Amino acid sequence: MAETTSLDSITEITAAVTEIAAAETGVPAADLTPDTDLRAVEGVDSVKVLRMIAKIERRYDIELEDEDVFGVATVGEVAVVVDKTLREKA
Amino acid sequence: MSIQVPWSVLPDYRCFGCSPHNLHGLRLEFQAHPEGLQARFALDRGFESYPGVVHGGLVGVICDETIGNLIVLERRRPAFTVSMRTRFVTPLLVDRPYRCVARLRADDGDLFHGSADVLDADGVVCATATAVYQPFSLDQVRHQLTLGDDEVALLDQAITATLAPNGA
Numbered sequence: 001m002a003e004t005t006s007l008d009s010i011t012e013i014t015a016a017v018t019e020i021a022a023a024e025t026g027v028p029a030a031d032l033t034p035d036t037d038l039r040a041v042e043g044v045d046s047v048k049v050l051r052m053i054a055k056i057e058r059r060y061d062i063e064l065e066d067e068d069v070f071g072v073a074t075v076g077e078v079a080v081v082v083d084k085t086l087r088e089k090a
Numbered sequence: 001m002s003i004q005v006p007w008s009v010l011p012d013y014r015c016f017g018c019s020p021h022n023l024h025g026l027r028l029e030f031q032a033h034p035e036g037l038q039a040r041f042a043l044d045r046g047f048e049s050y051p052g053v054v055h056g057g058l059v060g061v062i063c064d065e066t067i068g069n070l071i072v073l074e075r076r077r078p079a080f081t082v083s084m085r086t087r088f089v090t091p092l093l094v095d096r097p098y099r100c101v102a103r104l105r106a107d108d109g110d111l112f113h114g115s116a117d118v119l120d121a122d123g124v125v126c127a128t129a130t131a132v133y134q135p136f137s138l139d140q141v142r143h144q145l146t147l148g149d150d151e152v153a154l155l156d157q158a159i160t161a162t163l164a165p166n167g168a
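Protein sequence lines, in the order shown, are assigned to chains A and B.
Each step along the first sequence adds one to the number in the UniProt record's numbering, with nothing skipped, and position 2 is 2.
Each step along the second sequence adds one to the number in the UniProt record's numbering, with nothing skipped, and position 22 is 22.
It is possible that part of the hints are untrue.
[To be verified] On the chain B side, residues computed to face chain A include the following (Cβ under 10 Å):
no.: 1; residue: ARG87
no.: 2; residue: PHE88
no.: 3; residue: LEU93
no.: 4; residue: ARG105
no.: 5; residue: ASP117
no.: 6; residue: VAL125
no.: 7; residue: ALA127
no.: 8; residue: GLN134
no.: 9; residue: SER137
no.: 10; residue: GLN140
Since the hints were derived computationally from the structure, they do not count as laboratory data.
As the structure is a computational prediction, the values presented were derived from the model and not from experiment.
We put the beta carbon where it would ideally sit given N, CA and C, even for glycine.
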């Protein structure tokens with residue numbers, strides 16, 4: 001179930017993505033920035049990234065396009081595709 | 001404790017997903033879950049895709065089945081799936097225990113929206129699904145059902161009188 005019903009700002013989305021990424025990767029949120037390349041984080045593989053995407057989709061009640069999922073690398077890029085999908089849905 | 005689905009009033013129902021009478025089926029059983037409905041399962045090699053891996057299509061069947069039965073139990077209306085999207089995170093392995101948890105979104109218009117997660121024994125998400133359902137009355141699809149009038153009446157009564165997973 002979505003935890004948000006109105007459009008979040010890109011800052012709020014980035015914070016949410018960071019929180020989920022931290023939980024999934026084990027990297028403290030404070031060490032993740034919008035420029036952090038998720039697949040370059042030690043111990044992070046494509047499965048962990050997909051699991052993170054699944055959690056983000058559940059949190060926002062959205063379905064990200066596979067082209068977006070496999071085209072993003074950084075926390076900030078994930079936030080941008082979430083923001084784009086939310087706006088398309090609104 | 002397992003929840004009785006309304007179809008169980010038909011002694012010979014053969015639903016591939018949840019009938020105990022279909023020896024080729026999944027024979028899923030459902031339990032109440034704080035978010036909606038849950039099905040625990042472990043599939044053997046009869047449901048295999050790659051060696052040791054459960055066929056991915058069946059993951060969709062299990063999610064669809066759990067959401068669909070949650071709809072009939074909570075909304076007291078049967079519904080056909082009109083679209084479904086599954087995200088596969090990791091393969092499911094044969095003979096390993098998993099559970100599927102389904103929930104419904106607040107109704108929005110005439111269609112029902114549901115989602116489901118498949119989790120492994122450690123609670124790690126292996127797959128997720130979202131789906132949309134169109135409710136129907138048994139009368140509307142009467143010509144498509146291989147049921148007698150008395151069976152339709154029995155099923156209709158069972159659906160109407162069914163208890164939601166939360167006991168409502």
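Verification of the hints:
| no. | hint | result |
| --- | --- | --- |
| 1 | ARG87 | holds (6 Å) |
| 2 | PHE88 | holds (8 Å) |
| 3 | LEU93 | violated (14 Å) |
| 4 | ARG105 | holds (7 Å) |
| 5 | ASP117 | holds (7 Å) |
| 6 | VAL125 | holds (5 Å) |
| 7 | ALA127 | holds (8 Å) |
| 8 | GLN134 | violated (19 Å) |
| 9 | SER137 | violated (28 Å) |
| 10 | GLN140 | violated (29 Å) |
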